[in-house]
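As you go down the protein sequences, you meet chains D and B in turn.
Counted from 1, the first sequence has number 52 at position 11 by my numbering; the numbering is strictly sequential.
Counted from 1, the second sequence has number 551 at position 203 by my numbering; the numbering is strictly sequential.
For the record, the hints were derived by calculation from the structure and aren't laboratory data.
A virtual CB, placed ideally from N, CA and C, is assigned to each residue, including glycine.
Be a bit skeptical, because a hint or two may be false.
[Said to hold, decoys possible] Simulated restraints, written as ranges between beta carbons of each label pair:
#, chain 1, residue 1, chain 2, residue 2, range
1, B, 548, D, 197, 21 to 29 Å
2, B, 580, D, 78, 44 to 52 Å
3, D, 62, B, 407, 44 to 52 Å
4, D, 212, B, 577, 54 to 62 Å
[Stated by the list, open to error] Simulated pairs of lysine-lysine, BS3-like, Cα-Cα distance not exceeding 25 Å:
#, chain 1, residue 1, chain 2, residue 2
5, D, 191, D, 175
6, B, 619, D, 191
7, D, 175, D, 213
8, B, 563, D, 175
9, D, 122, D, 197
10, D, 186, D, 122
11, D, 175, B, 505
12, D, 197, B, 505
13, D, 122, D, 187
14, B, 563, D, 186
15, B, 619, D, 175
16, D, 224, B, 505
17, B, 454, D, 122
[Stated by the list, open to error] Computed list of chain B residues with no C-beta within reach of chain D, every gap over 10 Å:
#, residue
18, 385
19, 400
20, 405
21, 452
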Amino acid sequence: MILIIIMILSMHQNLEEITLINEGRLLEEYEEIDLEKYYPNLESKFFGWSSHIIQEDMDVVFISETLFSYSNQSNETITYKYTYSSDVDISDSIAVTGDISTSAKTKVKIFDLKFDSSIKSRMDYKSSESISEKWNLDIDIPPFKKISLKIKGEGKVSNGVSRLYIFYIPIKKGGWEVLDVTKTYYWLEEEYV
Amino acid sequence: MKKIIILIGLVTIAIFLAWPTTKSVISFRHTYSRVLRDEESITIPLMIRGNHEIIDMNNIQTIRIVNDDYVISGTLQEIVSGDEYYYQNDKYVAYYFGLLFDCFEKTIIDNAYFEISTDSNTYSYLIGDFCIAPYFENDISVFEEMAILNTVNGEEKIVGIYLGLENNSINDINVDDIEIISPNIKVELNELSVGESDISMFSSISDYTGNDTLKVPSEGRVHVLIPITYDGFYLNRFGIILSAGDERYVIDDFMFVNEGYFPDQILSTAKVYSID
Chain D
42 MILIIIMILS MHQNLEEITL INEGRLLEEY EEIDLEKYYP NLESKFFGWS
92 SHIIQEDMDV VFISETLFSY SNQSNETITY KYTYSSDVDI SDSIAVTGDI
142 STSAKTKVKI FDLKFDSSIK SRMDYKSSES ISEKWNLDID IPPFKKISLK
192 IKGEGKVSNG VSRLYIFYIP IKKGGWEVLD VTKTYYWLEE EYV
Chain B
349 MKKIIILIGL VTIAIFLAWP TTKSVISFRH TYSRVLRDEE SITIPLMIRG
399 NHEIIDMNNI QTIRIVNDDY VISGTLQEIV SGDEYYYQND KYVAYYFGLL
449 FDCFEKTIID NAYFEISTDS NTYSYLIGDF CIAPYFENDI SVFEEMAILN
499 TVNGEEKIVG IYLGLENNSI NDINVDDIEI ISPNIKVELN ELSVGESDIS
549 MFSSISDYTG NDTLKVPSEG RVHVLIPITY DGFYLNRFGI ILSAGDERYV
599 IDDFMFVNEG YFPDQILSTA KVYSID
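Model the full assembly from the supplied sequences, consistent with the hints where possible.
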């Protein structure tokens, strides 16, 4: 099997980088003109969103935002007490283009998708794993050093296009991409201030 | 006629009230490995079906972790209800029991049961291996930490730990033993790889392991890759104890991988307890 690794800055607001493991394209790699060719696949509706999935459940790894980063600018080692909260962790994520809008927050349950409910249902099915382990860490930070707790993760990405119809008239259109997070890894890293 | 309707209604209500409601609990085998600091709790998840008395904190008198040889008593801090799950077409609700323990020494209870006593009943649920150790200040601190994940027999597993260690004392520390706080996880002590700095989370561990001893120089730093072996146990979080002669250096438990409380590996260990 040919391993194709594509590394690009992510459109997902809470991710720094997404790497596609196998063949495929992320939403970032589509120009609007690329997406145009998929719109004819959409079924026009009297009212509501019509969607077409371009690629489904592509395996990805990602680097998310830093969970915390704490600098010590003093001459003495200090201890930072960190309490893990799943609220700040990466959960499922969505990216959109064009006219599609979403109140893009990191937790699936409070996503307020304003488009096709079939896309929304794709995001809801993982929400049952929303409770994460409790975790307390006391971390010694040497003088003039910065300690960061970072996240890598694995997940599956699906993307496609949608169009909103009112009285069979297309009003809005755009591309979307859903990341279904399956696993997260943490690592502690020291950096210079 | 009216009396007959009332009678039928009363009989229906009586039958409904007397009808045995099925209650059941599912527990999971896990490896609990925690280094406890003050007021640090441990959460044990159970899936519960029906209106079981243990979901109300007011009903619970005592909680213990037990096996044939050991017993430790704890304090119930909280019960948090979570999402609904389906197991063999039956709906369960996840409950997370937050427990506090007074921990003065390393305690390992393998094949442990979570024992919950109410006024009239005692329930025991198999939860796996329960390992705790107290934290105490020591001369070694950790400045880097991550798991090495390799695919073994098609399954991604933690095969090693990569640590950055700093010696805050004026004496060299020659580590002669490294213990993962769990009965089932062994460190390949003669396969340490010391001084590596180009390791990533998904590096192949076989590229690095060699034969070395671990010396953390006085007021100095060192990186070490510690290979671990285990069989058949899900592992995502654990504490470590380094030994140098009679000295012990406890490293706080670190959550290397997070898949929530019910990853696939855990679901396959489900043990169902039906209650009449």
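Evaluated hints:
1. A C-beta distance of roughly 22 Å is found between residue 548 of chain B and residue 197 of chain D, which places it inside the suggested range of 21 to 29 Å.
2. Evaluation of the 44 to 52 Å hint for residue 580 of chain B and residue 78 of chain D yields a pass: the beta carbon distance comes to about 50 Å.
3. At roughly 49 Å, the beta carbons of residue 62 of chain D and residue 407 of chain B sit within the given window of 44 to 52 Å.
4. At about 60 Å, the beta-carbon gap between residue 212 of chain D and residue 577 of chain B stays in the expected band of 54 to 62 Å.
5. Distance check on the hinted pair: residue 191 of chain D and residue 175 of chain D sit about 17 Å apart at the alpha-carbon level, within 25 Å; holds.
6. Between residue 619 of chain B and residue 191 of chain D, the direct Cα distance comes to roughly 35 Å. Violation of the 25 Å bound is thereby established for this hinted pair.
7. Between the alpha carbons of residue 175 of chain D and residue 213 of chain D the distance comes to roughly 42 Å, so the proposed pair goes past 25 Å and is violated.
8. Between residue 563 of chain B and residue 175 of chain D the alpha-carbon distance is near 33 Å, which puts this suggested pair outside the 25 Å criterion.
9. Our distance criterion of 25 Å between C-alpha atoms is broken by residue 122 of chain D and residue 197 of chain D, whose separation comes to about 33 Å.
10. For the suggested pair residue 186 of chain D and residue 122 of chain D, the alpha carbons sit about 16 Å apart, so the restraint of at most 25 Å is met.
11. Only pairs whose Cα atoms come within 25 Å are accepted, and residue 175 of chain D paired with residue 505 of chain B is accepted, the gap being roughly 22 Å.
12. For the hint pairing residue 197 of chain D with residue 505 of chain B, the CA-to-CA distance comes to about 19 Å; that is within 25 Å, so the pair holds.
13. About 14 Å separates the Cα atoms of residue 122 of chain D and residue 187 of chain D, which keeps this hinted pair within 25 Å; it holds.
14. Only pairs whose Cα atoms come within 25 Å are accepted, and residue 563 of chain B paired with residue 186 of chain D is accepted, the gap being roughly 23 Å.
15. For the given pair, residue 619 of chain B sits about 23 Å from residue 175 of chain D by alpha-carbon distance, which is consistent with the 25 Å threshold.
16. Restraint check: the Cα-Cα separation between residue 224 of chain D and residue 505 of chain B comes to about 12 Å, which is no more than 25 Å; the hinted pair holds.
17. The hinted pair formed by residue 454 of chain B and residue 122 of chain D meets the criterion: a straight-line CA distance of about 23 Å does not exceed 25 Å.
18. Under the 10 Å C-beta cut-off, the non-interface status given to residue 385 of chain B relative to chain D is violated; the minimum distance is some 7 Å.
19. The claim that residue 400 of chain B is not at the interface with chain D holds, since no C-beta of that chain comes within 10 Å of its own (minimum 19 Å).
20. Residue-level check passed: residue 405 of chain B sits 17 Å from the nearest beta carbon of chain D, beyond 10 Å.
21. No beta-carbon of chain D comes within 10 Å of the beta-carbon of residue 452 of chain B; the shortest separation is about 19 Å.
Of the numbered hints stated above, those contradicted by the structure are hints 6, 7, 8, 9, 18, listed in ascending order.
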